[in-house]
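K.L.:
Protein sequences, first through last, are from chains A and B. To convert, note that position 218 of the first sequence is 529 in our numbering; the numbers rise steadily by one, no gaps. To convert, note that position 81 of the second sequence is 309 in our numbering; the numbers rise steadily by one, no gaps.
In short, the hints are calculated from the structure, not lab data. Hints may be right or wrong, so weigh each one.
[Stated by the list, open to error] Derived DSS-like pairs: lysine-lysine, alpha-carbon spacing no greater than 27 Å straight-line:
(1) A:Lys535 with B:Lys406
(2) B:Lys266 with A:Lys361
(3) A:Lys337 with B:Lys243
(4) B:Lys283 with A:Lys478
(5) A:Lys469 with A:Lys586
(6) B:Lys364 with B:Lys283
(7) A:Lys422 with B:Lys406
(8) B:Lys243 with B:Lys232
(9) B:Lys364 with A:Lys478
[What the hints assert, rightly or not] A few chain A positions that, by computed beta-carbon distances, are all more than 12 Å from chain B:
(10) Asn373
(11) Ile389
(12) Glu392
(13) Lys418
(14) Gly445
(15) Phe506
Each residue gets a CB set at the ideal place from its N, CA and C atoms; glycine is no exception.
As a plain string of letters, each chain reads:
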Amino acid sequence: MKEIKAEQITQVIRDLCIEANCHLPKDVQNAITGGRSGEPFPIAQSILEKIEENFAIADQDNVPICQDTGLACVFLEIGQEVHIEGDLKDAVNEGIRRGYVEGFLRKSCVKDPIDRVNTGDNTPAVLYCDIVPGDALKITVAPKGFGSENMSQIKMLKPSDGLQGVKDFIVKVVEDAGPNPCPPIVVGVGIGGTFDKAAYLAKKALMRPVDERNANPFYEELEKEMLEKINALGIGPQGFGGKTTALSVNIETLPTHIAGLPCAVNINCHVTRHKSAVL
Amino acid sequence: MEKKITTPLTADMTKDLHCGDTVLISGVIYTGRDAAHKRLVELLQQGKELPVDLKDAIIYYVGPAPAQPGQVIGSAGPTTSYRMDAYAPALLDLGLKGMIGKGKRSPEVVDSMKKNHAVYFGAIGGCGALLAKCIKKAEVVAYEDLGAEAVRRLEVENLPVTVIIDSQGNNLYEQGRKEFLAMEK
């Protein structure tokens with residue numbers, strides 16, 4: 312049994328909030344640079360250059376890449392041999408509070424969706440916990456901007472809609488979103504499970520590096536095919552036209568019911584942020 | 229085409245700004261997003277005066293990150309504009325001439341822009357660190373309780389934007405995509 316103190320978790324989450332918001336993951340940086348070198352449309356090239364300039368400034372000056380420092384999504388993979396001393400949820404939220412206040416990050420969370428008063432410290436986190444074998448605790452902080460979150464959709468397809476139904480839906484979501492989610496985007500897709508689990512899978516898919524394909528060859532091919540289709544739409548960076556509409560399509564799947572084919576598409580902007588640590 | 233303008237933005241100036249133009253804005257602009265727009269339009273409905281004069285003004289749809297010590301303002305890129313569509317025509321009728329944001333606008337907003345000779349500019353979404361460098365001064369002028377959503381008076385120097393919808397209603401999102409797809413054929 313491994314003992315982890317709640318205070319340790321708080322400290323790690325504080326640091327991850329700041330790290331994730333100021334330093335874009337290398338795989339996303341490379342995908343943007345790769346997109347620019349393969350981009351035939353001049354205005355699109357110049358937008359991608361500005362985007363590169365922006366993440367370099369953020370990296371160097373330790374300032375947020377984007378002012379929307381997101382709703383704080385936290386994924387915990389808790390080893391079943393781990394014992395946490397203290398209140399886990401309180402520890403997570405205290406980490407978010409310190410990260411967003413001490414890191415000069417924007418507080419974008421309202422306490423009630425109708426009443427809409429800001430909580431002032433970006434708490435509470437959107438927290439997902441998974442129990443895994445072993446004695447480690449893996450913590451991932453993924454600040455999620457809402458310009459892109461708002462462009463996400465879920466559909467309960469029929470089994471008869473099949474693969475074509477899934478493909479059409481993914482393209483439709485990107486087409487509907489157009490310039491709104493700050494393309495070039497990363498497209499997270501969750502297929503299967505239940506209504507809620509499909510949405511969770513789509514979010515989880517966004518945690519996978521954009522240069523890593525699905526391990527299943529069928530879905531690897533589907534990811535590549537969908538990226539090609541999306542980049543033939545012509546939306547382009549910022550929607551000003553161009554090839555680089557998406558940087559990656561990441562698909563995750565789960566078993567589902569005989570009557571269903573849930574499909575969720577979670578859109579992320581080019582500022583696809585996440586940072587992990589293991590205790 | 230690259231153009232430089234200094235606020236206030238008059239109807240004489242907007243007629244020379246065309247869809248696709250790159251524009252460097254200098255002078256005073258105001259920030260406002262969801263919550264501030266709601267309050268401004270509620271004031272209008274009550275027949276009350278607004279806390280800022282919007283005649284020939286530009287509103288930047290932004291909720292900046294807090295300034296770090298030594299900074300004027302934190303990262304400050306545009307937010308998605310369609311959420312302000314319900315409120316924008318009422319402000320355009322007051323003389324608002326420019327809006328800076330990102331993403332699509334409703335037909336009602338475009339009609340009101342044409343009627344009021346206004347322009348919709350796009351700043352690059354997700355480039356808040358870069359855009360903040362063009363902001364030389366920032367002060368809250370209304371709704372301080374809204375935090376990031378408060379109305380701020382910004383002094384900007386060469387803030388880079390692109391005309392997305394001009395005062396004739398021409399739209400870069402439609403034209404740019406069409407041009408790219410024609411090139412690819």
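K.L.:
May I ask you to check that glutamate 392 of chain A keeps its beta-carbon over 12 Å from the closest beta-carbon of chain B?
P.N.:
Check passes; 39 Å lies beyond 12 Å.
K.L.:
Does the claim that phenylalanine 506 of chain A lies outside the interface with chain B hold up, using a Cβ gap greater than 12 Å?
P.N.:
Fine: 26 Å to the nearest Cβ keeps phenylalanine 506 of chain A off the interface.
K.L.:
For isoleucine 389 of chain A, is the shortest CB-to-CB distance to chain B above 12 Å, so the non-interface label stands?
P.N.:
holds, 31 Å
K.L.:
So if I understand the rule, the pair passes when the alpha-carbon distance is 27 Å or less; does lysine 364 of chain B with lysine 283 of chain B pass?
P.N.:
holds, 22 Å
K.L.:
With the threshold set at 27 Å, check whether the alpha-carbon distance from lysine 364 of chain B to lysine 478 of chain A stays at or below it.
P.N.:
Given pair lysine 364 of chain B, lysine 478 of chain A is violated - Cα atoms ~47 Å apart, limit 27 Å.
K.L.:
With 12 Å as the threshold, tell me whether lysine 418 of chain A passes as away from chain B on beta-carbon distances.
P.N.:
violated, 6 Å
K.L.:
Take the C-alpha atoms of lysine 283 of chain B and lysine 478 of chain A, compute the straight-line distance between them, and say whether it is at most 27 Å.
P.N.:
The given pair, whose Cα atoms are some 48 Å apart, is violated under the 27 Å limit.
K.L.:
Lysine 243 of chain B and lysine 232 of chain B: Cα distance at most 27 Å?
P.N.:
holds, 14 Å
K.L.:
Do the alpha carbons of lysine 469 of chain A and lysine 586 of chain A lie within 27 Å of each other, as the hint requires?
P.N.:
Not OK: lysine 469 of chain A and lysine 586 of chain A at ~36 Å, beyond 27 Å, violated.
K.L.:
Taking C-beta pairs only, is asparagine 373 of chain A more than 12 Å away from all of chain B?
P.N.:
violated, 8 Å
K.L.:
Take the C-alpha atoms of lysine 535 of chain A and lysine 406 of chain B, compute the straight-line distance between them, and say whether it is at most 27 Å.
P.N.:
holds, 24 Å
K.L.:
For the pair supplied as a hint, lysine 266 of chain B and lysine 361 of chain A, confirm whether the alpha-carbon distance does not exceed 27 Å.
P.N.:
violated, 32 Å
Going through the hint list in order, the structure does not satisfy hints 2, 3, 4, 5, 7, 9, 10, 13.
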